[in-house]
Amino acid sequence: MRIIETRGVTKWYSSGATRTFVLRDIDLDVEEGEFLTVMGPSGAGKSTLLHILGMLDSPSEGRYRFGGRDVHGLTERELTGIHKNDIGFVFQSYHLIDELTVFENLETPLLYKKVKASERKARVCDMLDRFRIVGKKGLFPNQLSGGQQQRVAVARAVIAEPRLILADEPTGNLSSKEGAEIMETFRELNAAGTTIVQVTHSEKNAACGKRTIRLLDGWLEK
Amino acid sequence: MLPSLAGNYVKTAWRKAKREKAYAAINLVGLAVGLACAILTALYVRHELGFDRYHVRNDRIYRLATGVRGGAYEAIAKVPGPWGLAALKEIPGIERAARFVLMNEILVGRGEVRSYESGGMYADPSVFDVFSFPLLRGDPATALARPGTVVLTESFARKFFGAADPVGGTLTFDTKNDYLVTGIIRDVPAQSHFSFDFLVSIETYANPMREDWRWNQFYTYFLLEDGAAPGAVLEKIPGLLGRHMPPAEASDYTPRLQRLTDIHLRSHLFREIQPNSDIANVYIFSAIALLVLAIAGINFMNLTTARALARAKEVGVRKAVGASRRQLARQFLGESVFMSASAYAASLGLAALLLPVFRPLAGRSLVLFGASQIGFLAAMAGLALAVGLAAGTYPAFVLSAFQPSDALRGQARGIRGDMLRKGLVVFQFAASAFLLVATGIVRDQLHYVQGKRLGFDIEHLIVVPLREDGMRSGYEAVKRELRGVPGVISVSASGNLPGGSDWGVPYEAEGFSPERLPPMRQLLVDQDFVATYKLELAAGRGFALDHPTDATAAVMINEEAARQLGWADPLGRTMAVPVLKRGPSPVIGVIRDFHFRSLREKIGPIMVLVATPEMMTVVSLRIRATEVPATLAGLERKWRELDPAHPFAYSFLDERFARLYERERRTGTLLLSVAGLAVLVACLGLFGLAAYAAGKRTKEIGIRKSVGASARSIVVLLSKDFTRLIAIGYLAALPIVVWLMGRWLESFAYRTAIGIGPFVAAGLAVLAAGWLSVGFQSVRAARANPTDALRYE
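Chains as they are written, first to last, in the numbering used here: chain A, 1 to 222; chain B, 223 to 1015.
Rather than coming from a laboratory, the hints here were simulated on the basis of the structure. No experiment lies behind these values; they were computed from the predicted model shown. Take these hints with a grain of salt, some might be off.
[Said to hold, decoys possible] Capping the alpha-carbon separation at 27 Å, the derived lysine-lysine pairs in DSSO-like fashion look like this: (1) A:137 to B:238; (2) B:233 to A:121; (3) A:204 to A:177.
[Said to hold, decoys possible] Pulled a few chain A residues facing chain B out of the computed Cβ check, cut under 8 Å: (4) 56; (5) 65; (6) 77; (7) 91.
Where is the CB? At the ideal position from N, CA and C, for every residue including glycine.
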């Protein structure tokens, strides 16, 4: 089953009379269970593409179908539902909420999903175990190393059991060892059936994926 | 909302506040100060609006007042004694009538305890039927029925009887009359347009004029029957007067009925029992409080919005994990409400602290906490909540509207509120400048009023009441004795005094029909008055002992009286005052205009006559400026010889005049304190905004410094914007303050011109305060190491 399908997706920003194009005419299909890597130099539009795929941003032109549904026609409620249930995000700079502990950060998506307290606790503990951060659960993000923060961020992306994980240079700020751990996790998730789209500069990371596409100046290289 | 999600929000908000203490404190303190200001004002306003409502039947109680043709006033608050009784008998719809007559200050004694008391009133027995003054002891039906009976308030009773039982005991009035105490009532509540310490039965009031149909001396209140229309009662009063008086006299009166609960704020008649307040005051107070509250609310809104950038990332993350826009808006609104609730708690403490300072400014005994205040405190909590919601809505809207992709990149293109924010800062400083300038103008006017030459010499004049009949009839001898005391320059006895106690009774003037006469006031004096007060003569001569007819058939007038009567040469024209049994008497002198009343009023026409000995109530003494204490001591010794029964009591005339401007002085002080608070709150906001602005320009500052900008130029750069906003706010306030304060000044017939002083002072004050708040932040930003600034990128 096809989870992502874009046709002619284009993104520009206008400043005054001139338009700056970030993405041009992107046709992209991703099947359920794929592990796709998006590569390209800085400014090629990788992050923008990922944000559009994650519905954090909207295309200026073109059509985007997610799981067979046209994203353009979604209501805010449906969009929120997709964020809650279907997509998990991992960012280069982790983006944990600074005021919340590791435990509370992990819990937040479940709160928005209105998961019951007992189940919430079980699932958070499960994640803490799985990502080997049990000892850190009471700490705040600024008390963790980059690799630890990213493990929390991945755990947070995974906790709601999404169909799709979108990762924006997840290892960009990490040491190679920490990076390798994160990539290993992604491989396991993918093996278990989760679709993954990652943006990266690293050929090594790309090798973890099953397919690689390249962006240059907003164009998708054929 | 799920409690757990709420918990998540609370944790975030609380930890954020802990991390950014300064910002949280500014927000909290600013809002708390604004709320405290509003609470105190609301307390005052509620107090003012609640006057006389404790009387159970207040909706049916009316006071009878009347306009009098030829009287120098619009209407007088008291009417002749027989009116009320006749109305009760002859006009349907009146259930009860109760009348009061004010007692002069009188010496009250019981054994060793003696003191001058001015809180007495003669009252009809029906006072307890009309008003709600429940008797703690005694029988309301009989307490004031007989002559020589008196009902005391609790604290008055305690003063004279201590722990002993007052009922059945006696008090000695004026050293010779023993009155029987027949009842005790609770002290009169503060929210009353009249108050008293004791009531003497009206039968005791032995004035021969009490049955006179033309002598306005009785404050007369009606309790109307249930359902009776006051208009219908009023309509019948002229007919009533016509039945009892000659028609020509009856038509001199235009009676009116005043609702009891309207008197305190809306009645400004001649001879009110006690000076009333003014509804305008209530409005002004409310407006000022709202202004300060608005300033505080704006701060809150401004700072929260400005801080939105710092929360952009959180918004982005929450959106990415599935928060809806509505949930986010609710979260931020919740934070505002939480903040305003905390501010409310703080403001209660603040208000309680400020209350002792505020009470004398408001001139009222206000209570903040107490069982009766629960509704009020709840209403204030509601106000706090409303402010929190109002001020929190905009930031919540802005924050929740962020595009998540922008927010995560640390850009917040949603924030377009820069213009709005600047506009609000301008408003805050306009309001602050307004209050400061207004304060300055009030002070200038007070200064002017007190420095103005009054047309007579007010300094070193002391005033001593004559309390003994013998002292009055023998006043010439008393004057002689007092003049012999070293330090006394001259002495004058009189029936009333400049400063507001002049009379305004009907009079006649040669060649005028009654309806064409201008209103005229009267001073009743002796032959030494003009010299003692150092009045200046424009024509003719003053009263003199060697002209025996001066005491019975001569008047003096002021220049204004001559002008209004149209007399180019008033000397020899005749005037009469029937009420004083003074037949046509020639004008023997014209006094240069002098201020015999407050400078709020234009000098009006006044006539001066020599009073009969029994009308003399007071002596005025001009004493030498040096050795005042010695002179006062000598006077006291002499007084003890003359009137051993009455202790010597005196006041200085200039102090009595100063009291005329008590309300203005209080307004001035109050304005100053509120203006101070407003500036403080506005500066707190500016402080926060400057921090934000400096933070936003961290990179710019780093770059400028790396290419060689000096710290000073950075400070100037950062302060420039805010200085402009302050200046715009200040300029915007000018036309409004000039217009409004111009109108306020117009309430004075004699007023200072609006000078440059208050404007300069207020301008410097807001600028200095603004620079201090901004400067601190700017210097900190400018001093920072440029590499630190740039590393943030």
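Outcome of the hint check:
no., hint, verdict
1, A:137 to B:238, "19 Å, holds"
2, B:233 to A:121, "17 Å, holds"
3, A:204 to A:177, "12 Å, holds"
4, 56, "4 Å, holds"
5, 65, "20 Å, violated"
6, 77, "7 Å, holds"
7, 91, "7 Å, holds"
Checked against the numbered hints above, the structure breaks only hint 5 and satisfies the rest.
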